[in-house]
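*Asks:* Taken in order, the sequence shown gives residues 0 to 219; the numbers are from numbering that gives the first Met the number 0.
Hint data in this document are derived by calculation from the structure and do not stem from the laboratory. All C-beta atoms, glycine included, are put in the ideal place defined by N, C-alpha and C. Be aware that a few hints might be false.
As the list claims (entries may be wrong) - Label pairs and their in silico Cβ distance ranges:
#	residue 1	residue 2	range
1	R100	Y169	16 to 26 Å
2	Q143	Y85	27 to 37 Å
3	E170	N23	16 to 26 Å
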Amino acid sequence: MINKHFKTTAEAYLRTEDPFGAVNLRNIFQPELFRLALKQVLGNDVQSAYVEELGTTLSKEEMFEILVIDPMKGAIDVDWRDFFPYLKWIPNKSFENNIQRMHFQRQAVMTALINEQKERISRGEEVDCYLDYLISEAKTLSEQQVLMLLWEAIIESSDTTLVTTEWAMYELAKDHKRQVEEAVEGAFSDNVDICTGRSETVQGGGIGADPRGWRRSLRI
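The whole structure should be built from the sequences, with the hints applied where relevant.
*Replies:* Next up, the structure:
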């Protein structure tokens, strides 16, 4: 994931017409996080899935909208009746229909993804992922509990990690004392391998020889 992210960032940076232009990190980072979440939860980077309840095949981008974007929008949607408890008896159909639609689509997509992986498990193909662990170890959980646990892992990995990363970059951009620009510049200019904390390393030159691209991204 790290190498692919660096490569994609470098390609986006090189495609900008303005050498001092900004690159939208969210558009690069978010799809990679969703891909990683699917692999961790389901054991497979699902590209598309047929959802019987919706009667259509959804792409990965459409699944991302249903599983991550729509629930986040629903979480901040406001029901005006919350401000006037004595008026709760008045229907708010637009709000209720939106929440019900979001819930139905989430249930349908997660059920389709889980059933697809259950077919894999029935063929004896075991993968080290969250779903396989829950099925083999957490036998007391209901199907709905398993579904919600898997969905929560997907949305947390896809959104919470992204927001935390953006916040950390914003804080670094404000605090010049904590920016390790000299170390980063040295790594990029000398093409030094940057340790990722695992058995693999990332080539510093993969982001490009100009370390100013890193500093500019911090200021977005």
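*Asks:* Could one say that the CB atoms of Q143 and Y85 fall in the range 27 to 37 Å?
*Replies:* Holds - the Cβ-Cβ distance for Q143 and Y85, about 34 Å, lies within 27 to 37 Å.
*Asks:* For the pair E170 and N23, does the Cβ-Cβ distance stay inside 16 to 26 Å?
*Replies:* Once the Cβ atoms are compared, 19 Å apart, the range 16 to 26 Å for N23 and E170 holds.
*Asks:* Given a hinted range of 16 to 26 Å, is it respected by the beta-carbon distance of R100 and Y169?
*Replies:* Once the Cβ atoms are compared, 34 Å apart, the range 16 to 26 Å for Y169 and R100 is violated.
This entry does not satisfy hint 1, going by the numbered hints stated previously; all others are met.
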